[in-house]
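Asks: One letter stands for each residue in the lines below.
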Amino acid sequence: MTAFDHEELGRLIAALRPVPAGWVRAAQELPAARLAIEGIVSRAVADAAYRDRVVADLESALAEEGIEPTPAVLDELRDRFISD
Amino acid sequence: MTVTSDDQLVARCRAGETPAWNELVERYSRYVYAICTQGFRLQDHDAEDVFQDVFTRVYTNLDRLREDGAFRPWLAQLTRRSCLDRLRSSAREALAEEVEPRDVDETLSLIDDALMVHEAMATLPDNCRDILDRFFARDESYRVIADALGLPPGTVASRISRCLDKLKPLVEERGGAARPGVG
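Top to bottom, those sequences are chains A and B. Using our numbering, read the first sequence as starting at 1 and increasing by one per residue. Using our numbering, read the second sequence as starting at 1001 and increasing by one per residue.
In short, the hints are calculated from the structure, not lab data. The beta-carbon is built from N, C-alpha and C at its ideal position, and this holds for glycine as well. Wrong hints could be hidden among the right ones.
As the list claims (entries may be wrong) - One side only, chain B facing chain A, incomplete, derived with CB under 8 Å:
1. Trp1021
2. Glu1026
3. Ser1029
4. Asp1046
5. Leu1108
6. Leu1110
7. Ala1114
8. Asn1127
9. Asp1130
10. Leu1132
11. Arg1134
12. Ser1161
13. Val1171
14. Glu1172
Kindly generate the complete structure, drawing on both the sequences and the hints.
Replies: Shown next as structure tokens:
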């Protein structure tokens, strides 16, 4: 038997299964999400009423910018409002 | 087929090229997912959070990576830490070694080998890459593959076998033959 026979190659190909739909796209949108976060933060600095709306509903603020509100993106936006 | 190396891809990501970032995520998404779900046995809802967290950290910290060619081990380490953080948060009083699955190192080694095989696959012609991925990774039947690719059902098995024959030397070129305990 050789080091990598068909069975072993098949087993190793099968070990990397497709990622559930939407996960890859959300990760690929991170640069756009970063830009959107910067835009939201800048606007919130200049507009107190907008800031209040964002703090009350982070998900909607991201959705308005066309960004998927994944937990990682939400955490980052939340952190920015705490630190700024 | 020529594949962009990790160091070239990382350098382009640092320069802000969106297509390079998309390719980097695509290239390593299954790897990160496998570490989460097979290495650390996270359920999908936890794995999704870790998956997004890992790529956020990668994007944020890419400038801190000292050697562009060291991307894969760096990514593996980030993923491992993020999985452990998730496990610890759901078992707050347990020590890291208690929450980590006992066979995690063995599984991560297998996942590294699997990545190496997929990297070799990426250099195969499209038709071979597609049929091998459909059959083994996507678990599609001969019938489904035949319908999707417009092939007579009786030829699917022989085509898979021929593609595996093409893949084998590519894997061995990458050092796969030196892997102990296989075969």
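Asks: Give a verdict on every hint.
Replies: Do the hints match the structure? See the list:
Interface restraint check: Trp1021 (chain B) against chain A, minimum CB-CB distance 6 Å, threshold 8 Å, status holds. At a threshold of 8 Å, the smallest CB-CB gap from Glu1026 (chain B) to chain A is about 6 Å, leaving the interface hint in force. For Ser1029 (chain B), the shortest C-beta to C-beta distance to chain A is roughly 5 Å, which falls under 8 Å, so the interface hint holds. Because the beta carbon of Asp1046 (chain B) sits about 10 Å from the nearest beta carbon in chain A, more than 8 Å, this interface hint is broken.
Checking Leu1108 (chain B) against chain A: minimum C-beta separation of about 11 Å lies over 8 Å; hint violated. For Leu1110 (chain B), the suggested interface contact is upheld, since its CB lies about 6 Å from the closest CB of chain A, less than 8 Å. Satisfaction of the interface hint for Ala1114 (chain B) is found here, the shortest Cβ-Cβ separation to chain A being roughly 4 Å, below the 8 Å cut-off. Because the closest C-beta pair between Asn1127 (chain B) and chain A is about 15 Å apart, greater than 8 Å, the hint is violated.
At its closest, the beta carbon of Asp1130 (chain B) sits 12 Å from a beta carbon of chain A; the interface hint therefore is violated under the 8 Å criterion. A distance limit of 8 Å between C-beta atoms decides the matter here; for Leu1132 (chain B) the minimum to chain A is near 6 Å, and the interface restraint holds. Proximity of Arg1134 (chain B) to chain A is violated relative to the hint, the smallest CB-CB distance being about 10 Å (cut-off 8 Å). Of the supplied interface hints, the one on Ser1161 (chain B) holds, with its beta-carbon coming within about 7 Å of a beta-carbon of chain A, less than 8 Å.
Among the interface hints, the one on Val1171 (chain B) holds; its C-beta lies about 5 Å from the nearest C-beta in chain A, closer than the 8 Å criterion. This hint holds: Glu1172 (chain B) has a C-beta 7 Å from the nearest C-beta of chain A, less than the 8 Å allowed.
Hint check: violations occur at hints 4, 5, 8, 9 and 11; the rest are consistent with the structure.
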